[in-house]
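*Asks:* Letter by letter, the chains look like this.
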Amino acid sequence: DAGVIQSPRHEVTEMGQEVTLRCKPISGHDYLFWYRQTMMRGLELLIYFNNNVPIDDSGMPEDRFSAKMPNASFSTLKIQPSEPRDSAVYFCASSGLFDYGYTFGSGTRLTVV
Amino acid sequence: AQSVAQPEDQVNVAEGNPLTVKCTYSVSGNPYLFWYVQYPNRGLQFLLKYITGDNLVKGSYGFEAEFNKSQTSFHLKKPSALVSDSALYFCAVRGNSGGYQKVTFGTGTKLQVIP
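Quick note, the sequences are listed as chains A and B, same order. Number 56 in the numbering used here belongs to position 56 of the first sequence; there are no gaps in the numbering. Number 152 in the numbering used here belongs to position 39 of the second sequence; there are no gaps in the numbering.
Worth flagging that the hints you see were computed from the coordinates, not collected in a lab. What you were told as hints is all true, and nothing was included just to trick you.
Think about it this way: if two alpha-carbon atoms lie no more than 20 Å apart in a straight line, the pair counts; the simulated EDC-like pairs of lysine to aspartate or glutamate are:
no. : chain 1 : residue 1 : chain 2 : residue 2
1   : A       : K78       : A       : D63
2   : B       : K215      : A       : E44
3   : B       : K135      : B       : E121
4   : A       : K68       : A       : D56
5   : B       : K215      : A       : D57
6   : A       : K78       : A       : D56
7   : B       : K135      : B       : D122
8   : B       : K135      : B       : E177
9   : B       : K162      : B       : E177
10  : B       : K190      : B       : E121
11  : B       : K215      : A       : D56
12  : B       : K162      : B       : E179
13  : A       : K24       : A       : E11
14  : B       : K215      : A       : D99
15  : B       : K223      : B       : E121
16  : B       : K190      : B       : E177
17  : B       : K190      : B       : E179
18  : B       : K135      : B       : D167
19  : B       : K182      : B       : D167
20  : B       : K223      : A       : E44
21  : B       : K215      : A       : D30
22  : B       : K162      : A       : D99
23  : B       : K171      : A       : D99
24  : B       : K223      : B       : D198
Residues of chain A clear of chain B, computed beta-carbon distances all greater than 10 Å:
no. : residue
25  : S7
26  : P8
27  : Q17
28  : H29
29  : D57
30  : D63
31  : R64
32  : E83
33  : V112
Bear in mind that the values here come from a model prediction, so they are computed numbers and not experimental data. Every residue gets a Cβ at the ideal spot worked out from N, C-alpha and C, and that includes glycine.
Given only the sequences and the hints, what does the whole structure look like? Please build it.
*Replies:* If you want it as structure tokens, here you go:
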């Protein structure tokens, strides 16, 4: 398996633009997680899905953020409109029901100017 | 609620010396414990885990961790540090008291190995 795949690796966008981050989890994994990492806040859990259904989105910072998982092999995190304070590295991770830990993707470094 | 504390933001150690990165946890029931490492511009990589059994767990790259139930600690150790060990290390915990429980990560400790 190629692991958790995220795209793009880097994204630079202007304030006010829509940004879409993508994630392909490991095949067979039931859980998918979106994290944000910044120097100030560290690693924050934004939302996680189980069997494509959002379970806990309490970490989503604002209504500007939305996440979907239309099928077991694909998830998106969308920011609309983007703001400079959204600049961060966004990680996707997946896990199987009987796995003990998570497998992380390489992340998307988002810069909003 | 479960939680993880990594009391040191940064640990500096000379190459060849032993290293310890500290972690304490709080969780209901018996814990599942993990260490992850993050190299610059990379995602978190799994290092080792404690599920049950021997309190001393061995992982990748010569790292090991000791589970201490009475002190609720899971410190990461390595007998001889390498410059290439310099990275950000995350401790994590997951409860197993029934139902699915997500993993809670600590704030991370930056390890700097000095040549």
